[in-house]
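Engineer: The residues making up each chain are set out below.
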Amino acid sequence: MSPIDRRNFMLRALALGATTSLGACNYEDPQHPDLADNFLHAMSAWNDRVQAVLFNPNALAPTFRPDQITNPPRFNAFYDISQAPVVDPATFKLTLGGQIQDKTPWTLGQLNALPQEQQITRLICVEGWRVIGQWGGTRLGDFLRRVGADTRCKYVSFQCADGYYSSIDMASALAPQTILATSFLGAPLTPAFGAPVRLRIPTKLGFKNPKSVVQLAVTNVYPGGYWEDQGYNWFSGS
Amino acid sequence: MPKSRVIHPWPVRLTHWLNAIAIIMMIGSGWEIYNASPLFGFTFPPLLTIGGWLGAAIAWHLACMWLLVVNGILFFGWTGLSGHYKKFFPVSPRAVAADLRAAFTFRLRHERGVYNAVQKLLYIGVLLAGVIIVISGLAIWKPVQLWFFSDLLGGYVVSRYVHFFAMAAIAGFIVIHVLLVLLVPKTLPPMITGGRIET
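Protein sequence lines correspond, in order, to chains V and Z. If you read the first sequence in this note's numbering, its first letter stands for residue 9, the second for the next number, and so on. If you read the second sequence in this note's numbering, its first letter stands for residue 42, the second for the next number, and so on.
The reader is advised that the hints may include incorrect statements.
[What the hints assert, rightly or not] If we take Cβ atoms under 7 Å as the criterion, some of the chain Z residues that face chain V in the derived model are: (1) G96; (2) A97; (3) A100; (4) L103; (5) Q186; (6) G235.
FYI, nobody ran anything at the bench for these hints, they're computed from the structure. Note that CB positions come from ideal geometry on N, CA and C, so glycine has one too.
Pulled out of the complex, with its shape left as it was, chain Z reads as follows (with noise of 0.2 Å):
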């Protein structure tokens, strides 16, 4: 019998979905709140903010920062620990550009269990941004007991921009990354089964 291996061992799926319901929550309750008070010259579509005002907006985010952060934390523990990480590197900018050419023109192959250079590029920018939005969600939340936090980004106004645009860089990857789903939809079912590759 040939050896085989899991594609996304349990931790990761796991972490992977519980993420996604924190994510969801903290941006739809997010964007209910940004609407309070708005940064930019628009403010989000009530149908897609969650919370309904903002006093139940905040208890939403201020509740699933916790799912968010506590899972993270598992995330990359796990991560660091079992040399899962090595997944994502080496990423190499000559790799990405022409990995980047051959998505798209649509000749960029899927191999299971492999990540390409523009997905590791994609996975590491997003987790960049996880971090991010943590630290400033922290700066804005606790401008004075974490006053390095808020020191750290420029202030308290400048950490709600930061907030912001990791928020805008988290949505533009779920967009991408939900778009590649549909595209390749036999990357989904390794996710949740956790899928077997032959090595």
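Chain V on its own, in the form it takes in the complex (with noise of 0.2 Å):
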């Protein structure tokens, strides 16, 4: 993991360090996290590498009953529901970058126009509860060889309409169940909910579920993301 500005989590982290007396650090240097932040950042690098052996691309995820979906869904963001960024689907161009060969961007009907499919699946936020639903898309995994994306690379990464931001492993982005979502329940996606295209991928946590995606890149250098970089952990495989 590269070294990278983590200082809200360093902050937070110390709540437990102030306590024990470990936090003498510099709170405003990331460059010099403390005792605790080290030994965390190093666990959290390690279960990183951890989950990258045991994630087998074969172990789907659970799928499930029309009936069991969570209707209406549970809105999940850094931000009120209110505030959710609106994309116009018809202007709306999904962008490419890194190590990929054809960088045209995608518009909304061409996304669409690719192989569709639809995915009753669960998903678990990281603070624990978890809803289903059925998303619809096409495979990422299809879409990145289709434009000439280097799979040998490490990460795809994503920057959304609202300023969030994530990453996911080259292996979970191949596995069969990721999709570039376009629909909820057979309609188009909402905006709170990551109109015009979002991420659904069953095998991660929500939160790696980035919404609203205008960026897609390919590359080796460890891009983070919106929580990871405040702590949460990377990989966070299911």
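Hints in hand, dock the two standalone chains.
Structural biologist: Set out below in structure tokens:
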């Protein structure tokens, strides 16, 4: 894991350090995290490696019956539902970056013209709750191969219309249930739930399913993520 | 000179105290994680939780789980190979009933180096809760990759409740355990020094 700014995480992780007098460092300098931060970062990196080894692309996330779907779905973001970004589907373009041969941007119509599939899967939030939903879209793995992405790269990163960002490992990106979703319950996604296109990856926690994706990139440089940079485990696989 | 033996051999003492650290960290951070999405109509007081916010609590939880599990494997391995497990058996319902009666009327004598029936039952129970909490924890952490643990317990949602109640059992054990040490303080030094007892 590359050295990245995790100031927030350090401040908050030190809630413990402060009470156990481990906290003797300069909180403002992420280059000098204290003992507890270093320990947690090292263990989180170790857990990333363990999860990568544990990841079996043939172990599919469970699927559910239509009557088990959580409707209405549960909204969750780092802001209130009223502040969800509204992207005009008519002018929307998904831009591509990094190690991809054909970086021509994609319109929503073009994405919807790709082979589609539906999945009724479970989204588990890092907070512990879970919902079941039906998402439809095109397989990310097929999309990556179609645009000539270098699938030997380590990461696929996502930038969102609301400033959110996240990234996943290539093995999980190529897994069969990982899709670029454009619909929920057969209808186009609504803004609060990721319109016009979101990542749906049932083998990872909810925060690894970025909504309203506007840019997708393939890279070997660790891209981090909005929550990951604050201390959430990066791999966060289910 | 009379023959003597150690009350608590060093592997017991080492794993006991490592486990104490691991359990405190796991329960403290676990309570903070619970507070993010409570299963029941209450949350744990922030003063008693570890991490300060969900991200740090999870980081502590997923870091200290390694100490808990590796230490647990060492303990179970050593217990099995050394024959230490024999100290927990036999434990008959009749003996438990008799010792419970004696305990509640403050007539249960503490014999150094010997576990009474109630102690045996509590130790077996908390070790079992330890196994269940690890299995349910893995079922929550990896419901897809380790689906068999999730299936075994009845799915992801049930696993969360199992994990909670296993925690409650362990927390209950700790309360009784510490209370008894306070009532019979002479049991504490041997868990640090090993102690000696004539045989």
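Engineer: Hint by hint, note whether the structure agrees.
Structural biologist: Hint by hint, here is what the structure shows:
Because the beta carbon of G96(Z) sits about 4 Å from the nearest beta carbon in chain V, less than 7 Å, this interface hint is met. With a least beta-carbon distance of about 4 Å to chain V, the hint placing A97(Z) at the interface is held under the 7 Å criterion. Checking A100(Z) against chain V by beta carbon gives a least distance of about 4 Å; that is within 7 Å, so the hint holds. At its closest, the beta carbon of L103(Z) sits 5 Å from a beta carbon of chain V; the interface hint therefore holds under the 7 Å criterion.
Interface hint status for Q186(Z): upheld, as the beta-carbon distance to the closest one in chain V is roughly 5 Å, under 7 Å. Hint on G235(Z) is violated. Least Cβ distance to chain V is approximately 28 Å, over the 7 Å limit.
Violated hint for the displayed structure: number 6, the only one.
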